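*Asks:* Chain residues, written in single-letter form:
There are 2 protein chains.
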Amino acid sequence: MSEATGSREFFTARTVSEALAGFRPARRSAVERVPLAAALHRVPAAAVASPSPLPGFVRSTVDGYAVRAADTYGASEGLPSYLDLRGAVRMGAAPDVTVTPGACVAMPTGGVLPEGADAVVMVEYTAATMPGTIEITRPVAPGGGVVRADEDVAAGAALVPAGRPLRAPDLGLLAAAGVTDVAVHARPRVAIISTGDEVVPSSTVDLGPGQVRDATAPALAALVLDAGGDPVQAGIVDDEPGALTDRLSEVLADADLVVVSAGSSVGARDETAGAVAAVGEIWCHGLAIKPGKPTLLADCGGVPLIGLPGNPLSALVVFGQIGVPLLWRLSGCDTPPPLPVTRARLSRDLASAAGRLDVIQVTLADGVAEPLFGPSALLSVLARADGYVVIPEPATGLPAGTEVDVIGHR
Amino acid sequence: MSEATGSREFFTARTVSEALAGFRPARRSAVERVPLAAALHRVPAAAVASPSPLPGFVRSTVDGYAVRAADTYGASEGLPSYLDLRGAVRMGAAPDVTVTPGACVAMPTGGVLPEGADAVVMVEYTAATMPGTIEITRPVAPGGGVVRADEDVAAGAALVPAGRPLRAPDLGLLAAAGVTDVAVHARPRVAIISTGDEVVPSSTVDLGPGQVRDATAPALAALVLDAGGDPVQAGIVDDEPGALTDRLSEVLADADLVVVSAGSSVGARDETAGAVAAVGEIWCHGLAIKPGKPTLLADCGGVPLIGLPGNPLSALVVFGQIGVPLLWRLSGCDTPPPLPVTRARLSRDLASAAGRLDVIQVTLADGVAEPLFGPSALLSVLARADGYVVIPEPATGLPAGTEVDVIGHR
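So the sequences go chain by chain: L and G. All residue numbers for the first sequence refer to the numbering used here, where the first residue is 1 and numbers rise by one. All residue numbers for the second sequence refer to the numbering used here, where the first residue is 411 and numbers rise by one.
Source of the hints: derived by calculation from the structure; they are not laboratory data. Do not take every clue at face value.
[What the hints assert, rightly or not] Which stretches of chain G does chain L cover? Using the computed rule of at least three CB atoms under 8 Å from a CB of chain L, they are:
no.	stretch
1	462-471
2	575-581
3	598-611
All values reported here derive from a predicted model rather than from experimental measurement. Yeah, the Cβ is synthetic: ideal placement off N, Cα and C, and Gly gets one too.
Given the sequences, and given the hints that come with them, work out the whole structure.
*Replies:* Below is the structure:
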């Protein structure tokens with residue numbers, strides 16, 4: 001364990017900004033094809049090109065009459081144009097009439113523009129006063145009331161870009177274009193290891209003296225799911241020398257990211273650093289974030305590893321700030337999607353140290369963010385919070401009344 | 411179909427505010443028990459009480475020495491207190507020593523406070539200069555350096571409230587308290603019906619003239635999933651009289667919410683209104699929202715129904731404004747979780763009508779929101795948008811430069 005002590009001395013703390021800019025593994029999760037119905041929030045590995053133009057035909061965007069635009073020039077309420085009604089276009093079918101000069105055809109919204117026509121007059125600017133004749137009371141320009149066959153998407157154009165998680169409208173557009181499956185990055189596999197002699201599985205009914213159920217692992221799994229990852233519960237490792245190194249070697253074979261929630265004692269923390277040093281290269285040990293200072297980041301042969309602080313609140317805060325962006329990056333997305341935010345005013349002054357990122361849990365009521373204080377070891381603080389406020393690294397604090405973004409816990 | 415025409419004439423448009431305040435079905439989805447690992451974002455049907463206090467024992471929050479606080483009073487760097495070291499507490503185990511006057515015991519963070527001690531002095535304020543003796547250089551008050559056995563949660567206190575979707579930290583707290591499953595509202599079943607003679611399944615490879623693949627249904631399914639619902643694809647119904655009424659009767663037997671995306675033609679829209687009037691009571695036909703005016707809301711024997719406009723963009727906008735809050739309410743949550751928001755400045759003036767809610771798709775770059783215009787029938791507008799800006803009902807527009815919340819498409 002001399003290595004552990006050694007590494008603690010050797011590595012200085014980094015800031016969160018430094019970690020986000022500098023701890024950027026090249027690794028990306030594998031690429032797999034998934035059906036469209038399973039592609040929500042998945043990240044395309046490449047832009048998806050449209051196999052054909054959309055809508056694919058000149059399509060009416062209004063209910064009205066297909067015309068030759070020139071036949072409507074000069075039409076007005078006082079002096080309408082009169083056109084011969086030659087029939088009607090049916091939805092989802094080829095028109096069986098053509099529009100010759102002086103003629104028109106009834107058009108439903110979404111219908112195919114018949115041959116000979118170059119515009120659709122809205123029904124509001126027409127009247128059917130005599131059988132077989134339509135009065136036009138307003139002119140329409142060529143192309144009016146229709147969309148071109150490739151106006152929505154040209155053939156070969158990108159329907160969705162690479163690297164941005166797919167959203168509901170994307171799935172609609174892909175479906176419209178006839179795309180039935182997409183090549184996306186696999187959900188990154190995140191191995192979650194808990195350590196600490198006091199930690200027992202959360203399924204444990206009766207606790208022994210000093211035992212605590214594992215709270216961090218189930219909460220981390222939820223954060224991983226929310227960030228598009230696939231959490232793999234890799235169990236609890238006790239503080240026995242070598243046990244963590246062995247477990248790390250096992251999970252590294254099949255993980256895109258490894259998260260170790262350290263035991264809370266100094267012994268367990270040293271154990272973690274020593275074990276990690278045996279399987280990878282420690283990038284930083286200590287992060288300028290509160291809560292969350294005893295964080296460790298390492299590169300284990302290309303697989304990033306995050307050593308989280310022992311107390312669950314700190315662990316979840318650090319994972320949110322460091323692990324979530326990393327997870328998106330592993331799945332091919334360099335810009336994580338925006339967070340749920342509510343704007344509010346601080347109820348009181350908040351102190352911070354320059355160069356340190358502070359994450360303050362708050363409750364929200366009537367536009368006021370009320371900080372929740374108390375020992376940072378209390379999980380109930382997190383569960384009671386409506387969200388959190390971040391005090392940026394350069395700031396030395398925020399005065400009461402400051403308008404802040406409260407980032408919601410999802 | 412005279413009913414259809416009748417209902418279109420009869421019902422006046424409502425505002426979105428009126429719909430949100432007035433169209434509030436009493437229905438809630440059934441209650442089911444799910445294991446904790448499947449409970450993320452689910453809505454508890456009742457508050458969950460803690461079966462026991464947390465952490466359950468007087469727990470050290472620091473690394474240091476368990477002491478009787480009175481033995482440290484007056485201690486300073488210049489004049490330390492000297493205490494006999496009687497042993498160490500091990501993690502996850504009952505202490506096998508007691509702290510008598512003048513004595514101390516080494517404590518790891520998270521350890522059980524031994525009998526006789528009432529505080530823990532942080533290791534930073536101690537020195538081990540002679541074997542068997544610890545120097546204390548700063549006094550500690552009773553209760554210092556520890557949390558009470560019920561400080562996180564008292565036995566019987568609520569761990570999580572009813573009606574608020576469970577978030578990652580909640581799962582951690584529930585796990586810590588030994589809760590292994592939770593009674594939550596079932597995901598509301600949302601039957602999605604598409605109508606329109608021109609609409610064909612999105613799996614269709616070769617389109618006939620005038621046909622379009624169903625884009626709305628897959629996109630709606632994604633919005634339903636995001637809002638905690640269970641989408642049930644109920645297929646495409648053609649514009650044949652009676653066909654929609656029959657399908658509605660079938661799906662109403664087993665749905666918490668029914669969504670009908672109307673065909674785009676006026677004929678298909680009339681068909682929808684007529685069919686809905688045959689199975690329920692129309693609450694409004696026409697909504698003061700742009701895009702999305704031809705929206706229909708109905709109560710079908712306690713099951714709410716939303717008739718969406720024919721064009722996919724309008725349909726998705728209306729479902730986001732009306733359907734999503736309704737869906738949360740059906741699952742027992744009256745306050746939907748906050749939305750992903752980015753603040754930005756408008757690049758140009760936006761017009762609106764007072765009393766109407768306008769939803770404008772925008773792209774985002776460098777803190778500027780650039781509205782995307784174009785025929786509202788274009789799905790690609792939605793897929794290109796980074797999010798949308800809402801112009802509230804009372805406003806007649808927003809000038810360029812206004813700071814707005816851009817709500818992200820998830």
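*Asks:* Hints first: check each against the structure and report whether it holds.
*Replies:* Structure-based check of all given hints:
1. 462-471: holds (count 6)
2. 575-581: holds (count 5)
3. 598-611: holds (count 5)
Of the numbered hints stated above, none is contradicted by the structure.
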